[in-house]
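J.: Here is how the chains run, residue by residue.
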Amino acid sequence: MSKDNQVLEELTSKEYEHGWTTNIETDSAPKGLNEDIIRFISAKKNEPEWLLEWRLKAYRQWTKMVEPKWPNVTYPPINYQDLIYYSAPKQKVQPKNLEDVDPELIKTFEKLGISLTEQKRLTGVAVDAVIDSVSVATTYKSTLAELGIIFCSFSEAVKEHPDLVKKYMGSVVPVNDNYFAALNSAVFTDGSFCYIPKGVRCPMELSTYFRINAANTGQFERTLIVADEGSYVSYLEGCTAPMRDENQLHAAVVEIYAMKDAQVKYSTVQNWYPGDKDGKGGIYNFVTKRGLCFGDGSKISWTQVETGSSITWKYPSCILKGDNSMGEFYSVAVTNNYQQADTGTKMIHIGKNTKSRIVSKGISAGHSQNSYRGQVKIMKRAENARNFSQCDSLLMGDKCGAHTFPYIDVENKTARIEHEATTSKIGEDQIFYCLQRGIDEESAVALIVNGYAKEVLNQLPMEFAVEAQKLLALTLEGSVG
Amino acid sequence: MDVTVNERNISSEVGQLIEKTLAVEQSFPDLRKEAYLTFQRLGLPANKAEEYKDTPIARTLQKNFNFQSASVKGKIDPTQFFIPLVEANVIVFINGFFSKEHSTIISPESEISILPLKEAVKGNNPLVLKHLGKYADFKSDALTAWNTAAWTDGVFLHIKKNQTVEKPVVIYYIQDGSDQEGLSINRNLIVSETNSKCTIIEKSDSVGKQNHFSNTVTEGVVNENAELNFYFIQNDSGNRYQYNLTQFYQSNYSRVNTFTFTLNGKLIRNNLQLSLDGEGIESHMFGLYLLDNDTLADNHTVVDHKKANSFSNELYKGIMDGSSKGVFNGKIYVRPNAQKTNAFQANRNILLTDKATVNTKPQLEIWADDVKCSHGCTTGQLDEEAMFYLQTRGISKETARAMVLYAFAGEILDNVAHAELKTYLDQLVSERLHKNF
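In order, the protein sequences belong to chains A and B.
If you read the first sequence in my numbering, its first letter stands for residue 1, the second for the next number, and so on.
If you read the second sequence in my numbering, its first letter stands for residue 482, the second for the next number, and so on.
Hints should not be assumed to be uniformly reliable.
[To be verified] Cut-off 25 Å, straight-line C-alpha distance, at most; resulting in silico cross-link-like pairs (BS3-like, lysine-lysine):
(1) Lys-454/A <-> Lys-853/B
(2) Lys-57/A <-> Lys-159/A
(3) Lys-159/A <-> Lys-45/A
(4) Lys-821/B <-> Lys-399/A
(5) Lys-836/B <-> Lys-399/A
(6) Lys-812/B <-> Lys-399/A
(7) Lys-853/B <-> Lys-380/A
(8) Lys-641/B <-> Lys-69/A
(9) Lys-346/A <-> Lys-821/B
(10) Lys-836/B <-> Lys-355/A
(11) Lys-529/B <-> Lys-69/A
(12) Lys-69/A <-> Lys-620/B
(13) Lys-352/A <-> Lys-620/B
(14) Lys-534/B <-> Lys-812/B
(15) Lys-380/A <-> Lys-534/B
(16) Lys-57/A <-> Lys-31/A
(17) Lys-399/A <-> Lys-788/B
(18) Lys-425/A <-> Lys-812/B
(19) Lys-166/A <-> Lys-265/A
(20) Lys-788/B <-> Lys-425/A
(21) Lys-64/A <-> Lys-529/B
(22) Lys-853/B <-> Lys-69/A
(23) Lys-821/B <-> Lys-425/A
(24) Lys-321/A <-> Lys-836/B
(25) Lys-425/A <-> Lys-853/B
(26) Lys-534/B <-> Lys-64/A
(27) Lys-346/A <-> Lys-599/B
(28) Lys-534/B <-> Lys-346/A
(29) Lys-787/B <-> Lys-425/A
(30) Lys-399/A <-> Lys-853/B
(31) Lys-346/A <-> Lys-529/B
(32) Lys-836/B <-> Lys-380/A
[Said to hold, decoys possible] Take a look, some chain B residues computed to stay more than 12 Å from chain A by CB distance:
(33) Glu-582
(34) Ile-586
(35) Phe-792
(36) Asp-802
(37) Phe-809
(38) Thr-859
(39) Ser-877
If you're looking for bench data, these hints aren't it; they were derived computationally from the structure.
Here a beta-carbon is modelled for each residue, glycine too, at the ideal position from N, C-alpha and C.
The following block holds chain A by itself, in its conformation from the complex (with noise of 0.2 Å):
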């Protein structure tokens, strides 16, 4: 046992890899949150005066509101009023191509490992890379935009598609939906808009990634993906933070539109960075995502890898409007030392004949609190709908817990659902059975946790798969209880 302690301790110790700053000058807002902020913020971004208004119809919304308390987590409360709502690396020309870029940025960005440089062809992911709150460059773009397909900033979205981004924007994630989707409405700063025009099968994986840099900054990006008839999209996000001793907030808000038959499949690898071994700092991570399935036959897939970030809360949800579509969430959430989740998600089923899947997997360890909460609703004329959902925690020591608040609404007959849930450590006969045939305590563990989360990580692309094990195995290797 001791030694198996000796292994957890040392894997769990790990230290947060990403953990550097980079020397950018920032260009930010004075702290604060009022009326003059949002007019600074809209100004900072010459915005047109819809736009202007739609943000202070949210931040007036959004002094009514309360935060929710409902989340099983807990933290102090958050003081607005001393967050910093825009800070954007400074740059004297808006960058035509990659060369002119600070260089201090392309090496952030090649420490991330991410392939701004169009070097790494073989790669072929078109990333849209926002640090801070602004988006910094995006790769790829004149080849999308042979097939008709726009992937660029939110900000430069509403310059030049300001017609689609009124009409899409809001449309999933009302202002006033919740408290920090109406915070995020009012100060959002930047973010990645996507259009596929119909019936375009988008060639290569967009992605997102999202940097907070700047102390005392929340970050509040928005993303818009609209999956126009017939088309396909795969969508990649992922997040870093620099080591801080104090809370940061990102409140960010996903929202995906799929029209007839199209299909969106986002994928996040979530790894803001956790605060320290005893709890201290890291990321409150709440975000708003949501997917609509307003035409027939269309499928959004929801894929997740939540390893970092000291508090996460968050939903992505799928709304099956239209007939036969189809909604999908899989989730692995791992905590550690004294991280909280609470994630899951919403299957609201409205059109005939829909159906959705939920595997959500959740591991914790150290003194961390994990909970899966998730509702599944099939309203009256939802004929024939059909839902699946499995969630099973894995705990490792037992100072750790795991918590499950699955709500189940079945208001027509014809529906079918299932639900099933378990929690468990990792038994004693399979780490037995891995030590006799000469493997490892340590790789063992990894085995057997990368083969629990292998249903969810085998819906992750590729490159995020490779990530994605990495995390998994840098955060709980070797945690026999």
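Mind docking chain B on chain A? Use the hints.
T.: Leaving out everything else, chain B in the frame of chain A:
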């Protein structure tokens, strides 16, 4: 929608009712006072309160009750509701009042002592003084606080050490709603001593057209190696509203088996809470709800594993017909010390009509790592293939349907250990299924 011109404050009305009772009842003044203050602090659960999310109890009471008339002793013959058991101890409450003339006690005092709670309080029974109000948690539930502050009658069961009580104890709660609206608040206390064994059956029935609300709390302590089998049969007319809390505190190696059968009624809220504060405990909870018309049955169960090496198993099944609504919330807590816990929970539902709904929320909260816990939950309609199979063999659709449903319910009935009771329940369920389908 629920805002009327003359908005009544139902919580303060109930508060006044409690005050009236407090003025009359002499027993446990401190406990009652504290519970009353708690009730005032909590108020009846608001419409969106998480624990009463699907059961709008305050609104229902407000809509259907005026709480003006004082409860009266009914004059119906309760024997029509009796379970045809050969021999049993019978306790009868009519409109919440203990009815001595209809109650019979046949078990010897050496096995079990059965006393109306009021009498036990009057005689300063040390066990009652020690245990009453200790297990049913009224700090967080307004309805339990209401009961604790304002109970008027009840029964005290003391199962003696090393005794097996041969004859079951049957408690009937009968409501006579033929003349006026009714309200009854009953409180029971069960103390099972070491190595004892007993079967307790509670049954609620009602007649009459008037609405009645009952708030019944049964709390008990099950000592080391004792076994308690607890059945609750709810087969009321369509205007009975009820809140029930059954809470048992279990010590080492004790065994508790509970069965809840809900067949009829208007609004039924059952809170069942087991606190497993010991090792080697075994608890089984079974539930069957067959609902039709506009019945709402809400089962909230909590199993709290506080120490290591215990086992709990829960199976609730429901068939919803008409525009009925079934609600299930099962919580399993495994505390940090409760290593080697095995806890299982399953909830299965069949919806028969488009208007029926079901809301289920199986919930696991686990703070110990060396455990095996699982829950499963399904909702669907009749098994088409099973129906087809039976029909191809010349069985009419109606009969096939009844057979499939009966088989579905059978999984619960199979676990009833008491033979005569099983026959009775079996009859009740099959009659019910044939009658409606």
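J.: Take the C-alpha atoms of Lys-346/A and Lys-821/B, compute the straight-line distance between them, and say whether it is at most 25 Å.
T.: violated (32 Å)
J.: Hinted pair, alpha-carbon criterion (25 Å max): Lys-821/B, Lys-399/A. Please report holds or violated.
T.: holds (15 Å)
J.: Within a Cα-Cα threshold of 25 Å, do Lys-425/A and Lys-853/B meet the stated pairing?
T.: holds (8 Å)
J.: Is it correct that the beta-carbon of Ser-877/B has no partner in chain A closer than or equal to 12 Å?
T.: The assertion about Ser-877/B holds, with a minimum of 21 Å to chain A.
J.: Assess, step by step, whether the Cα of Lys-64/A is no farther than 25 Å from the Cα of Lys-529/B, and give holds or violated.
T.: Judged against 25 Å, a Cα distance of about 19 Å means the pair holds.
J.: Run the distance test for Lys-57/A versus Lys-159/A: straight-line Cα separation, threshold 25 Å.
T.: Holds: Lys-57/A and Lys-159/A sit about 20 Å apart, inside 25 Å.
J.: Mind checking the alpha carbons of Lys-380/A and Lys-534/B for me, to see if they're no more than 25 Å apart?
T.: holds (19 Å)
J.: Hinted pair, alpha-carbon criterion (25 Å max): Lys-352/A, Lys-620/B. Please report holds or violated.
T.: It is violated: about 45 Å lies between the C-alpha atoms, which goes past 25 Å.
J.: Need the status of pair Lys-534/B, Lys-812/B: alpha-carbon distance at most 25 Å?
T.: holds (15 Å)
J.: Is Ile-586/B truly not at the interface, in the sense that its beta carbon sits beyond 12 Å from all beta carbons of chain A?
T.: It holds; Ile-586/B is separated from chain A by about 45 Å at its closest Cβ, greater than 12 Å.
J.: Verify the proposed pairing of Lys-346/A with Lys-529/B, using a straight-line Cα cut of 25 Å.
T.: holds (19 Å)
J.: Starting from Lys-836/B, check that the Cα of Lys-380/A is at most 25 Å away, please.
T.: holds (8 Å)
The structure fails hints 5, 7, 8, 9, 13, 22, 27, 36, 37, 38 (numbered hints given earlier, in ascending order).
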